[in-house]
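Number of protein chains: 2
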Amino acid sequence: MKSVAIIGVGHTKFGRSKEGLLELLCDASLQALENSNTYADNFDSVYVGAMCPGKFNNYTGIASALVDRINLIPAAADHIKNGPASGGSAIKAGYQAIASGMSDLVLVVGGEKMTHITTPGFITSIVATITHHEAERLHGVSLPSFGGLLTRAYLHKYNAKLEWLDDIAIKNHKNGSLNPYAHFQKTIQEFMESAIKKGKGNWANIKEFLKDNSRNPIIADPLRLFHICPISDGAAALVLCNAEIAKKYCDTPILIKGIGQATDTHIIYEREDITTLKALRTCSDLAYKMAKKTPKDIDVAELHDAFEILEVVESEDIGFFKKGEGAKAASEGLTQIGGKIPINPSGGLKARGHPLGATGVAQVVELFWQLREEAGKRQVSGATTGITCNFGGFGNNIVSILVERM
Amino acid sequence: MKSVAIIGVGHTKFGRSKEGLLELLCDASLQALENSNTYADNFDSVYVGAMCPGKFNNYTGIASALVDRINLIPAAADHIKNGPASGGSAIKAGYQAIASGMSDLVLVVGGEKMTHITTPGFITSIVATITHHEAERLHGVSLPSFGGLLTRAYLHKYNAKLEWLDDIAIKNHKNGSLNPYAHFQKTIQEFMESAIKKGKGNWANIKEFLKDNSRNPIIADPLRLFHICPISDGAAALVLCNAEIAKKYCDTPILIKGIGQATDTHIIYEREDITTLKALRTCSDLAYKMAKKTPKDIDVAELHDAFEILEVVESEDIGFFKKGEGAKAASEGLTQIGGKIPINPSGGLKARGHPLGATGVAQVVELFWQLREEAGKRQVSGATTGITCNFGGFGNNIVSILVERM
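Chains as they are written, first to last, in numbering that gives the first Met the number 0: chain R, 0 to 405; chain U, 0 to 405.
Mixed in with the good hints, there may be bad ones.
To be verified - A few chain R residues that don't get close to chain U, going by computed Cβ distances all over 12 Å:
hint, residue
1, 128
2, 199
3, 293
4, 393
Stated by the list, open to error - If you want the footprint, here are the derived chain U segments under chain R, 3+ residues with CB under 8 Å:
hint, region
5, 64 to 71
6, 79 to 87
7, 176 to 188
8, 231 to 244
Stated by the list, open to error - BS3-like cross-link-like pairs, simulated, lysine-lysine; straight-line CA separation at most 30 Å:
hint, chain 1, residue 1, chain 2, residue 2
9, R, 246, U, 288
10, U, 376, U, 185
11, U, 247, R, 1
12, U, 256, R, 256
13, U, 17, U, 1
14, R, 17, R, 173
15, U, 288, R, 247
16, U, 173, R, 1
17, U, 321, U, 206
18, U, 185, U, 210
19, R, 291, R, 256
20, R, 256, U, 1
21, R, 210, R, 173
22, U, 12, U, 196
23, U, 210, U, 173
24, R, 210, R, 339
25, R, 1, U, 292
26, R, 291, R, 160
27, U, 12, U, 288
28, R, 291, U, 1
29, R, 322, R, 196
30, R, 1, U, 288
31, U, 247, R, 288
32, R, 1, U, 206
33, U, 1, R, 292
34, U, 288, U, 339
35, U, 1, R, 246
36, R, 322, R, 339
37, U, 210, U, 256
38, U, 256, R, 1
39, R, 1, U, 291
40, R, 288, U, 376
In short, the hints are calculated from the structure, not lab data. Glycine included, C-beta positions come from ideal geometry on N, C-alpha and C.
Given only the sequences and the hints, what does the whole structure look like? Please build it.
Put into structure tokens, the structure is as follows:
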């Protein structure tokens with residue numbers, strides 16, 4: 000099996016964009032080609048991760064359209080779908096193309112364009128097409144409702160406090176404020192101060208602000224607005240290459256040392272324990288084994304906090320904390336930049352934003368910057384090894400990628 | 000690079016089905032698991048090829064749903080999209096998973112469910128989402144209109160006759176009549192006799208029948224009904240495995256010896272010559288080189304005749320006939336079973352049907368049967384090597400797969 004290196008990346012600013020999906024994918028791709036010094040080279044394959052361009056943008060054949068627009072014809076081009084983990088799956092497809100020897104130079108780009116749809120409930124209903132149709136969707140279940148359910152189950156089972164999830168949101172917004180590509184580049188303190196300035200109210204501190212139903216309404220009981228990621232547009236890209244030739248393009252390639260992907264029951268109700276992500280345990284185990292690493296070797300992680308409870312549960316099932324201890328650990332600052340195991344220095348899905356298909360790629364882009372000491376004010380000092388969790392479905396199809404400085 | 004073998008297949012009857020997409024995918028998959036004696040084994044990965052389940056069936060996360068339904072959890076599961084070549088791209092993804100050493104046992108299944116949509120024009124408009132949005136789709140272009148355009152250009156450039164395309168339809172319906180999985184299992188002679196019996200008219204012979212506007216109306220001038228594939232439901236599946244362990248499962252594995260995929264301009268107008276499929280030349284060349292074969296080594300081919308003109312152009316660009324000679328060769332019987340190079344013994348898209356994502360997989364299933372001498376009355380005698388052309392977009396993303404008896 001050939002080793003695979005990341006030699007360049009691209010990342011649009013996440014948030015509300017006036018560009019269409021294809022333009023966002025182009026922007027991130029062209030940045031990655033420039034960043035990797037591969038613009039004049041022959042690409043063998045292009046993989047696009049996007050959850051729903053057919054439904055969101057009335058666009059199919061998005062990968063074929065992209066290779067034409069960025070002048071990579073005759074490179075092979077495929078669109079990879081795995082719900083909100085489409086980006087992670089696209090990276091895996093690109094990895095396998097090189098590891099097999101079929102390709103030497105591969106572009107992977109993930110993206111989604113959603114904010115033009117003006118009814119958030121319509122977006123939620125499109126995302127809900129990944130749930131089980133008869134057992135879940137017909138009854139009106141949505142992804143946020145699962146987030147609420149998981150939160151209640153976790154708080155009850157482990158005697159944890161909802162405020163600990165506030166602390167995660169505070170951390171992720173703080174990290175996002177240091178990330179020029181984040182959807183939200185404001186701390187929650189700044190959100191509060193801005194509301195005070197506009198005469199929307201007055202609060203003694205952030206904790207009070209976060210308890211105010213008018214500023215932080217309940218979305219899926221007990222989850223409030225600031226526990227849930229926004230709807231975002233954006234794209235992120237990686238150039239992967241056969242590690243043997245990586246130094247031709249850049250001085251500090253980042254190696255993909257491990258990739259795991261695993262599935263779990265489609266119907267949430269069928270799981271033994273909703274608070275344990277079996278698919279993450281399996282896939283991160285595959286990634287650790289492939290890389291010959293353990294959770295102790297990890298310096299920085301990008302986890303999939305579509306709902307802040309997910310960052311908690313994932314931080315446990317990926318091996319950083321014992322079951323039931325993740326929320327408390329986060330509230331004690333162990334997952335901050337400078338803490339024991341920094342999680343989501345990018346701001347995570349909460350603050351960087353969550354353009355579905357882009358997320359899995361953006362996670363690896365952030366680790367690329369972190370491991371190359373290019374993360375600016377949010378740099379995790381001395382990080383050489385990182386891991387991701389990209390969460391498809393509601394935990395029924397998860398991809399975990401382990402990267403290391405070459 | 001590890002060698003990859005096909006050890007078992009599945010194929011639903013193509014046509015109008017009362018089953019949903021997930022059920023069709025399950026049927027083909029379970030047949031393939033049984034056929035390959037792998038039912039009790041641990042699968043590493045599942046790849047689903049489907050063009051548009053989001054738009055046709057309001058379903059996303061179809062791969063995650065499938066692994067759950069057929070009890071293959073925790074296998075990795077991804078949905079691969081490349082328009083009508085989604086099946087071919089899914090096979091390539093599965094191939095790379097094994098060739099890289101990441102997987103030993105992989106299920107690939109392609110399928111589509113469309114006939115529940117009662118307005119054919121609505122289906123055509125969904126398929127047209129793969130065309131270039133500004134240069135083509137906004138002006139009302141559809142895939143059949145490109146078929147008509149290509150036909151006129153070819154007939155003009157090479158002084159060919161439209162009746163030669165009738166001969167291809169006659170051949171493919173004859174082959175389909177011998178295929179128990181085909182959408183249409185009737186020769187055109189039988190269609191005519193049935194119409195006469197029902198008092199719909201009277202015709203001296205098939206050629207007269209095919210000229211009758213009431214029985215064979217013009218769909219996209221000059222293409223008539225019998226020059227165009229139907230709208231079909233169906234699914235087809237392959238079990239791929241590391242060739243080193245293939246004999247553990249079956250006596251006669253079929254090897255995937257070459258796979259190529261290539262893109263061309265998205266906008267048809269930008270091509271130097273619409274009658275030449277550059278992407279097919281490139282991708283079949285890749286497949287031949289990888290397999291160390293030439294067109295002369297091929298005993299049987301499954302080409303993508305969504306419109307009968309495509310079988311002609313593809314038979315030239317894949318290397319069987321000189322440019323401009325494909326239609327005449329077909330009309331002279333060279334592509335019949337028993338001819339110089341039998342094309343579409345399955346009946347092709349014209350008679351087997353074209354459930355978009357299923358087609359690329361069904362082509363390889365047919366070759367699996369042909370190379371194992373399991374094709375019954377449509378057997379190509381002594382065939383040991385075959386090739387496919389699976390056509391995505393309007394020729395802007397093509398996959399070609401070369402298989403051989405082990």
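**Message:** Just to be careful, I want the Cα atoms of residue 1 (chain R) and residue 292 (chain U) compared with a cutoff of 30 Å; is the pair within it?
**Reply:** Holds, because 25 Å separates the two Cα atoms, which is no more than 30 Å.
Check the hint pairing residue 210 (chain U) with residue 173 (chain U) against an upper bound of 30 Å on the C-alpha distance. Holds: residue 210 (chain U) and residue 173 (chain U) sit about 19 Å apart, inside 30 Å.
Note to self: For a C-alpha distance cap of 30 Å, please report whether residue 246 (chain R) and residue 288 (chain U) respect it.
What the structure shows: Status holds; Cα separation ~28 Å.
* 30 Å limit on alpha-carbon distance, applied to hinted pair residue 322 (chain R) and residue 196 (chain R) -> 42 Å, violated
- Message: Please verify whether residue 1 (chain R) and residue 206 (chain U) have alpha carbons no more than 30 Å apart.
- Response: Not OK: residue 1 (chain R) and residue 206 (chain U) at ~57 Å, beyond 30 Å, violated.
Exercise. Quick one: work out the minimum CB distance from residue 199 (chain R) to chain U and report holds if it exceeds 12 Å, violated otherwise.
Key: Given a closest Cβ separation of 38 Å, the condition holds.
Do the alpha carbons of residue 291 (chain R) and residue 1 (chain U) lie within 30 Å of each other, as the hint requires? 22 Å, holds
*Assess, step by step, whether the Cα of residue 291 (chain R) is no farther than 30 Å from the Cα of residue 256 (chain R), and give holds or violated.*
Holds: residue 291 (chain R) and residue 256 (chain R) sit about 8 Å apart, inside 30 Å.
Discussion item. Does residue 196 (chain U) sit within 30 Å of residue 12 (chain U), going by the straight-line distance between their CA atoms?
Written reply: OK: residue 12 (chain U) and residue 196 (chain U) at ~27 Å, within 30 Å.
Quick one, are residue 17 (chain R) and residue 173 (chain R) close enough, alpha carbons at most 30 Å? 26 Å, holds
* To do: Report holds or violated for chain R covering the region 64 to 71 of chain U, Cβ cut-off 8 Å, minimum 3 residues.
  => With 5 residues in contact (Cβ-Cβ under 8 Å with chain R), the coverage given for the region 64 to 71 of chain U holds.
Given the hint that residue 376 (chain U) pairs with residue 185 (chain U), does the C-alpha gap stay at or below 30 Å?
14 Å, holds
Hints 1, 4, 7, 8, 13, 16, 26, 27, 29, 32, 37 and 40 from the earlier list are contradicted by this structure; the remaining hints agree with it.
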